[in-house]
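Participant: Make the full structure from the sequences, and use the hints.
There are 2 protein chains.
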Amino acid sequence: MEIRSKIWVEVDGEPVFGRGRRFLLEAIDKYGSINQAAKEINISYRKAWSYINAMEERLGIKLVERRTGGKNGGGTVLTNEARSFLEKYKKLEDGIKEIVDRRFKKIYGQ
Amino acid sequence: MEIRSKIWVEVDGEPVFGRGRRFLLEAIDKYGSINQAAKEINISYRKAWSYINAMEERLGIKLVERRTGGKNGGGTVLTNEARSFLEKYKKLEDGIKEIVDRRFKKIYGQ
DNA sequence: TTTCGTTATGCGTTTTTGTCATAACGAAGG
DNA sequence: CCTTCGTTATGACAAAAACGCATAACGAAA
Numbered sequence: 001m002e003i004r005s006k007i008w009v010e011v012d013g014e015p016v017f018g019r020g021r022r023f024l025l026e027a028i029d030k031y032g033s034i035n036q037a038a039k040e041i042n043i044s045y046r047k048a049w050s051y052i053n054a055m056e057e058r059l060g061i062k063l064v065e066r067r068t069g070g071k072n073g074g075g076t077v078l079t080n081e082a083r084s085f086l087e088k089y090k091k092l093e094d095g096i097k098e099i100v101d102r103r104f105k106k107i108y109g110q
Numbered sequence: 111m112e113i114r115s116k117i118w119v120e121v122d123g124e125p126v127f128g129r130g131r132r133f134l135l136e137a138i139d140k141y142g143s144i145n146q147a148a149k150e151i152n153i154s155y156r157k158a159w160s161y162i163n164a165m166e167e168r169l170g171i172k173l174v175e176r177r178t179g180g181k182n183g184g185g186t187v188l189t190n191e192a193r194s195f196l197e198k199y200k201k202l203e204d205g206i207k208e209i210v211d212r213r214f215k216k217i218y219g220q
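Going down the list, the sequences are from chains A and B. The opening residue of the first sequence carries number 1 in the working numbering; numbering runs sequentially from there. The opening residue of the second sequence carries number 111 in the working numbering; numbering runs sequentially from there.
No lab work stands behind these hints: they were computed from the structure. The beta-carbon is built from N, C-alpha and C at its ideal position, and this holds for glycine as well. Heads up, a few of these hints could be off.
To be verified - Using C-beta positions, here's what the derived DEER-type ranges look like: (1) B:G205 x A:V77: 37 to 47 Å; (2) A:G109 x B:Y141: 24 to 34 Å; (3) A:R4 x B:M111: 19 to 29 Å; (4) A:R102 x B:N152: 45 to 55 Å; (5) A:V77 x B:D211: 46 to 56 Å; (6) A:R66 x B:Y155: 44 to 54 Å; (7) A:E81 x B:G184: 55 to 65 Å; (8) A:D101 x B:N152: 26 to 36 Å.
Facilitator: This is the structure we're talking about:
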């Protein structure tokens, strides 16, 4: 028996950002490609693409700069707004899991 | 933009108990009836029934005592094990939301 | 034996989620 | 000029999960 927790951001009651999308943006930042990022975190490109579109629409922020075609087929880089948003989310999330785990051990014991 | 959080218990990687099921058990305790409880928390009886079955199977604990037929058509009461489990979960959950909200205000607020 | 409000459950429908196939793009190199 | 390559971009179908309707069974009391 284990405890799990998650936190996420909503806009108008619709989920807009959580741990999965955090990993997606971080992977895009690392690889410069939605395609590679999706492989890294084990989701389909289609899904990654849908996530990004939904996030941008709901947040009203342009998160990525996409280039299609060209050398290496193109690519995608994070905007400064995306980096800033990501940082805030990381601050929010980091440490929560530890707090929850500690409580779990204390209450359920051993 | 608002923050949301949830915690839940898993067994073998399968979710087994969370806020919704907490409310369900509490409502059963209050009304002595799965049917009334389901109405109270706005889910179908079918769903409530499925939840209970899955919980009991995965936890390996008998959570409710069901009686069918008879005066008032029967009813359902919580077992002592269920009450004990519920108490632990409430201890675990209560306060987490406040911690998360405080962080959110601090990081995103004003 | 009728009534009543439960529990119990099969099954078709709807909604959501996931996956596959394929087009478009455009810089670089031949 | 045109082929190549690894991207981005989407439609359309498939699979899975969730939903909820319809109906049976139950048994104490009147």
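Participant: Hint by hint, which ones does this structure get wrong, listed from lowest number up?
Facilitator: 4, 5
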